[in-house]
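Participant: If you want the building blocks of each chain, they are given just below.
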Amino acid sequence: MTNPEQQKKITLVKAVNSALGDALAADERVFLMGEDITDHQMGGVFRATAGLSTKFGSSRVRSTPISEEGFVGAAVGAAIAGLVPVVEVMFMSFMTLALDQIHNHAGKMRYMTNGRLSVPLTVRMVGGAGSGTGPHHPELNEAWFAHSPGVKVVMPSNPADAYGLLTACIFDPDPCLFIEHAMLMRRGVKSPAPPAGYQIPLGKAHIAREGSDVTIIGYGGQLIDAFAIADDLAAEGVSVEVVDLRTIAPLDVETIVSSVAKTKRAVVVHESRKDFGVGAEISARITEELFGELAGPVQRVGGPFTPVPSARPLESAFIVGREQIEPAVRRVLNY
Amino acid sequence: MTEITREQLLRVYGTVTLARQADDKVEFLLMSGAAMIARMSSRGSETLGATIGHVLAPDDQLVTYYRGMPEQLAKGVPLDKLWAEVMGKATGTTGGKGGWVHIIEPDVGVMINSGIIGGQIPPAVGLALAADIKGDGKVVLCTFGDGAINQGAFHESLNLAALWKLPIVFVCENNGYAEHSAFAWECSAKSPVDRAAAYGPMPAAKVDGDDVPATWAALSEAVERARSGGGPSFVEATCYRHRGHFGNDTMPYVPKDELKAKIAADPVPRFREWLLEQGHATAEELAAADAEAGRIVEEAWEFADSSPYPEIDKLYTDVFATAGD
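Protein chains in written order, with our numbering: chain A, 1 to 335; chain B, 1001 to 1325.
Treat the hints as calculated values from the structure; they're not laboratory data. Some clues are possibly wrong.
To be verified - For lysine-lysine, the following BS3-like pairs were computed, each having C-alpha atoms within a straight-line distance of at most 27 Å:
1. B:Lys-1025 to A:Lys-55
2. B:Lys-1314 to B:Lys-1089
3. A:Lys-204 to B:Lys-1256
4. B:Lys-1262 to B:Lys-1025
5. A:Lys-55 to A:Lys-8
6. A:Lys-204 to A:Lys-9
7. B:Lys-1314 to A:Lys-55
8. A:Lys-190 to A:Lys-55
9. B:Lys-1025 to B:Lys-1256
Claimed, not checked - What the simulated footprint calls covered on chain A by chain B, stretch by stretch (three residues with Cβ under 8 Å from a Cβ of chain B suffice, anywhere in the stretch; the number is not a length):
10. 65-71
11. 94-106
12. 115-125
Each residue gets a CB set at the ideal place from its N, CA and C atoms; glycine is no exception.
With the hints as constraints, model all of the structure from the sequences given.
Facilitator: Spelled out as structure tokens, the structure:
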């Protein structure tokens, strides 16, 4: 029996690479498309597809030109024809180019065909600040796609969840966007490697840490800060519950509301812009359901309403971290 | 390249007379005030659409747009369910959820339609990509108008298809107008076919869509090229629309003399006369085809008109695959 402490630990990139490889091996309908994803081209700019073209060939691991609208749209058609495309769009910032094919075509196809056509497509993308690449590379825009009927939006907070959620996305009958948070890569986050084929159900939030005095709701790399804050507050006698959304859309309102019904205090956290962001929707839902029962207003912590600047000190100030989250937690505790 | 046979000519005529009589019916209903039905007329382009639909094999796939009724009918979409969809009825091809801009019937291979002009082209390339990966021998034919060729999606799609040598035929139905704008107002190329040169070059042809044998020859050559692994082709087929872009559009943007001349040179009676003159059909055969089409039109209208709308709960269904998502 393997000692869990000695169980192999994997990074986010390794988790994604494993999930892709296991899916390609498990189901011949699965194929990959994206820029620079073959081994001749270094297996993807983040090496997420390293080794896959060598193992599965360059038809199933297919390099594309720089044509996001074209190849995401082609993936829509291939999915309609019964294949299972997993597309890499290098950065979430570039998803603007594919917005029409995702929002108007992939998302709406089932609805407008009365259920007759299905688009089992997954698009993977890296998003998140910290690389100095400036306004057109590190954005997280999950709120736009959460606002698209028929599109699922998923963002893991650790590598093991990344494996399970990506596998679930690949085999989900609906179009799924899978966001790989750059913060997890930069911080070198590791977690135990899950077994092959491991899936985490989509549309279900996870109580990552149980507590009774305040709920922090978030997704992606900010969960690490949430756990650190929870540990420190525990020493002060405050019990923090942490809810990891895992799936942003469709939103698991039931888990969120039942947690805040218990704690009476909620803090929603995400790196993407606070204004008109996912936190606004969650805050509204909590308030609608629990208005008279809340100890204080729902706190939202999110990025400033700016593009992401390149200069390191400015970019660091942009990134949501403990310095922004903890005051919000304390504020609602003091109501 | 295959020459069209007598049997194929008669099948094309069958769709031509059906499409024309269907448009006659809609025109009558609208002008008399008897009914409201959305109209994106293909009047004047029936020979082209009918040829497109019939040149394809039953397993081949067609991707069209909002002005695609003749090719949809030729491919096998039943007129009754097509009209029911146009009217938003529950009995329509997609339950009234898509409407007249989204006529899709997977049972006969009419796979994708889009209200975003040119938006259907990348997914059409995807269908061809799937056919190529699966090796199932299917060919995809994607139609669009002269307006779509200025969208970025058009460029990206042709580049991908040429790069990957996909089994697809791109057909530009050039009626000289994109919505309310003449071709020269919108396009820096002299003719849509010129753009194929940028993709390899992509094998290309320009034909008169009113000329059924010539159009058939060009399309069948392109389909054969795709099916045998020769990659994509681009066919520009000139045609004309005798009615406006949508509904009551009275076409003030079209020179009156031009419209008058085009209507006088109506391809439908010309095709009919040509069939008789060349001995490809007898007067009895064509009369029988006309009568059959007339019967289908009346029954289809009855069906669509008397069909119910979908129940209100259908507003909420089929957003996601699984209920409760």
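Participant: Now look at each hint and say whether the structure bears it out.
Facilitator: Hint by hint, here is what the structure shows:
1. B:Lys-1025 to A:Lys-55: Outside the cut-off at roughly 59 Å; violated.
2. B:Lys-1314 to B:Lys-1089: Holds, because 12 Å separates the two Cα atoms, which is no more than 27 Å.
3. A:Lys-204 to B:Lys-1256: Since the Cα atoms of Lys-204 (chain A) and Lys-1256 (chain B) sit roughly 62 Å apart, the hinted pair is violated (cutoff 27 Å).
4. B:Lys-1262 to B:Lys-1025: Given that 27 Å is the threshold and the Cα spacing comes to 21 Å, the pair holds.
5. A:Lys-55 to A:Lys-8: It holds: about 23 Å lies between the C-alpha atoms, which stays within 27 Å.
6. A:Lys-204 to A:Lys-9: Holds - the C-alpha atoms of Lys-9 (chain A) and Lys-204 (chain A) are around 25 Å apart, at most 27 Å.
7. B:Lys-1314 to A:Lys-55: This hinted pair is violated, its Cα atoms lying about 45 Å apart.
8. A:Lys-190 to A:Lys-55: 25 Å, holds
9. B:Lys-1025 to B:Lys-1256: Given pair Lys-1025 (chain B), Lys-1256 (chain B) holds - Cα atoms ~24 Å apart, limit 27 Å.
10. 65-71: Since three or more residues must qualify, the claim that chain B covers the stretch 65-71 of chain A holds, with 5 doing so at under 8 Å.
11. 94-106: With 4 residues in contact (Cβ-Cβ under 8 Å with chain B), the coverage given for the stretch 94-106 of chain A holds.
12. 115-125: With 4 residues in contact (Cβ-Cβ under 8 Å with chain B), the coverage given for the stretch 115-125 of chain A holds.
Hints 1, 3, 7, counting from the list given before, are not met by this structure.
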